[in-house]
Structures are given as C-alpha cells and as structure tokens.
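Residue numbers (this note's numbering), protein chains in the order written: chain A, 24 to 234; chain B, 865 to 1180.
Take the hints with a grain of salt, since some may be wrong.
To be verified - Partner residues are not named here, just some residues of chain A that face chain B (Cβ under 8 Å, in silico):
{"no.": "1", "residue": "163"}
{"no.": "2", "residue": "185"}
{"no.": "3", "residue": "187"}
Since the hints were made in silico from the structure, they are not lab data. Quick reminder that beta carbons are idealized off the backbone N, C-alpha and C, glycines included.
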Amino acid sequence: MRLDAQGQREDSGCAMKHLSRVSRLAACACLIALLLCLSTARSDAQTKRATEDSPALNDFLSRVNAYVKLRNDLEGSLPALKPTDQPEQLVERQQALAKKIAEAREKAERGDIFTREARKEFRRILRQQFQGPEARHARKTIRQGEPLPQMHLRVNQVYPEKVPLTTVPPTLLLKLPPLPKEVAFRIVGRDLVLHDVKANLIVDFIHEALP
Amino acid sequence: MVFAALASSLAAQQISLPLKPNSVRFAAIGDMGTGDNAQYGVAQRMTEFRQKFPFDFVIMLGDNMYGGKQPRDFEKKFEAPYKPLLDAKVQFYAALGNHDTPGERLYKLFNMNGQSYYTYKKGNVRFFALDSNYMSPEQLAWLEKELKNSGSGWKICYFHHPLYSSGAFHGSSVELRGLLEPIFTKYGVNVVFSGHEHVYERIKPQKGIYYFTEGASGELRYGNLRPTEFKAAGFDTDRTFMLVEISGDELYFQTVSRTGQTVDSGVIRRAPETQPAKVVAAQPAKARATQPASRRMRARTTAQRNVQTVAGPTLR
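All chains, full assembly: derive it from the sequences and hints.
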C-alpha cells in the first residue's frame, strides 16, 4: 500500500512536475505569442505611422492630390480618349497632356512635392526597406530589370520611351503612402520618382533616395 | 529530296493537341516586340500552326514593344508580324512588361481597356492579366477580390516577371512570389504564365500550381538556362511560342520553336478544387525530334495511361 501510495505520490509528483513543465512551456509559448503580437502590432503601427500618421507624409499626399487635380483639369480640357487602334492618337494625346502639364507647372522645382520633411520620411522608409530583412529580395527585384543608362532627371521631363522601367519592389509599395491612380512611384538608379502615368512625365523626385 | 524535306517539315509541324469540340484554344507569346526577323519568323509559324489548331486568342506576357513607342513601332513590332492573325480576328490580350509603357493600355488591339491589370473569361477559364512592374497593394486587393468571386472554373494568371525561373540572367522573382503565391494557393489558381527571361521553361508544380515561362517569342538568351531543382523542362536555343487547349478539366500544351519543332508538350489535369493538378504526359524536344511520328504518338499514349507521371526530363 505504502509502496502503492508512495508510487502514487511519486506518480502524482511526476505528474505535478510534468504539469508544471507543461504550464511553464505554455506560459513561455503565450509570452512568445504575446511578444510576437506586440512586435507585429508595433511593426503595423510603424507602417501605419509611416503612411498615415506622419504630418510630412500627409502634407506630401495633399501636394500629390493638388497635382492630380491640376492634371485632371488639364486632361479634361483635351478631347476624351478611349481605347483606340490608332497609335498616332495615343502618342499625340500623351504628348499633348505632357505639354499642358509642363506649361502649367513651368516653375515647378524638385522638392515641390517631395518637401524636405517628406524626403526625410521617405529616406527613413527606404532605409528600413533596404537594410531590413526584406532588403536582399527588394534589391534583387530592382536588379532584375535591364541596367539603365545614366540618367539625369529633371522635373517635367518625359520619361524616355526607350528606357525600360525598373520594377518597384512590391514589399516597398506596401510601406509607401497610397497614391491616386494617375501617379506612381518609380525607381531610376537610386532616385525615387513620382511619375505621371498617362503623361509619362516626371512630376518630382528624390535624388539618391535609395541607400 | 524536296519531298523528303517537305515530309520532314510537315512532321515537324505536327499538332499534339486533341482539338476537342468547344475547347478554349489560345497561344502564348512573351518578350516578342523586337520588330526583327526572329519575331516575324515566330509569327509566321504561329499563323501556319493556326491552320491546324485554330486558336481564337493570344495572351501576351509582356515586353510587347521594345525600344521606341512611336506609331511606326506599333506597326513594325506588332501589327505587321501578326497581321495574318489580326486579319483572322484573333484577339490579343496583353500584360505589360518592363519595356512597355503605360500608354499601351489604351491601344485597342491589346484589349486592356485602359487598365494595367484586368480579368476576362473564355469558356470555363478565367484569365487574370497582372502588372508585375507595379504590384501595388491596390492591385493585390483587386486580385484577391476577383479570384474570390471567380467561381470553380480554371484560373489562369499571367504577368511579366516569373515567380520561378532557371534563367541565369534574371532568375526567380522571389519578392513577388512571397506576395502572389499565397493568394494563388488560397484561391486555387491552376496555371501561371510569365515572360521576362528570354527562354522557354516549364516548372515542376509548386504548391499545386503549374508555372510556364515563355519569354522567347522574339528575344532569346541562348544557353541561359541553368540546372535548378524546380525545372521540369526548358528550351533556350531558339525562339518559341506556346499553344494551349483547355477542355473540361484538362489543359493541353504544346511549345513550338521557330523552326516548327515541338520542344515540349503535355497535359495538365485539373483535380477537384483542393488538390493540385497533375501533368499527365510531356515530351522533351530531342526525343520527339528523333522519333518517327507513329512512335511519338505511342510514347505519348503510354505516358498518358500513367496518370501519376510527372513529366519531362529537362532539355538541357
């Protein structure tokens, strides 16, 4: 009996030890999960901050929206263009729109949209992207395009039609502020470009933005 | 002598697709818009093959026009080489490559309707043409929504940058894969076509999805394929195009070189929703080229019986 009882006690002691090990493990797992959640939440919050809660980026988006309103008004003054099988119409239309925008923004300078404060924010996001865990793949995405010729960008310049586009790393696009469909981010060399899609025009850019 | 050459040429142009009634038939080309002789050669071969395999449309996997985008470029790099197909009312559905410009979205003959990503349906197949140059969160959300609502038919995605590639020049788009593959698997995408790497390649099924790279319909990177664990078949010594037929739960494919040689072929059988599809048969080019037609057919039939066979030794 004693033995049994002892055995039982021993067993129950073992079970208690086992239980306490299990509960310790469970507690550890919970703690790790909690830390992971917190870290994800923190990282989400950082991303959110980068795109939504930053006064500099909000100001950037206001400037982008003002540009889009201007270019949409200008586009509205041109005859509407539907899909056409006449390439002449496509080319003429693009040129006409680019010319109108360039004329309307004759005095536009680099930094009008990417202001100094916005540039700081963009550089921070880019640094995070290209020095973080996704850096290797993001750099590979950029390198996957054909090497570009040396280009000296300027505002209101038409993006050269013979120069291929560099693929913008999709994980970077997840971190950058969302743009209206009329404009897109482009990467040319180490420059980050704001590109008017239909007019094929360089709206503004950050020189040597990529680390 | 002439007769022998003619017979050989006809044998080379043999169609290995079943031509089932009411099937969905299309061709796939990528990286073609050079305007040089090679593009015209492939286009001519496509026209010849269409006499035997009347496909209704062509999917374009990007780099539809290299270099200039002036009206004369549209003529030289698209309208002239594919004129016989355009005259026969064959429709072209383009995806944009890194050498294309957004302006091409409004070119009616590319059927993009002003969008850089779009979807359309042919028979029991839903196609999704994506813009892999700019995979924005908006595009990802759109894709997820469209796939979710796309029903139970075949789901085929195509875009320029390959998620898996044995090409030495570019290789796999790993970052893009990390974003797209979970969506593809979640919503049951069956087959993916890409270009960018100037070779032909078929990838072993990855998470139940079949990947093809057809980036040699104009450009070519001779000898650029290297050994990888995921390569099922490849061809990098001449330009190619693909012919595809979908009937019920079967997708038949045949990849043809500029000289009319079949360099790869096979059948993908779509299994019930949750299971990956299986390639039933495929033939490497060298074997096909050296066997007489009757033996080729026999080999294919034998392979077709073996439904578990996952095909094809690599060509290089």
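Hint-by-hint comparison with the structure:
| no. | hint | in the structure |
| --- | --- | --- |
| 1 | 163 | holds, 7 Å |
| 2 | 185 | holds, 5 Å |
| 3 | 187 | holds, 5 Å |
In summary, this structure violates none of the numbered hints.
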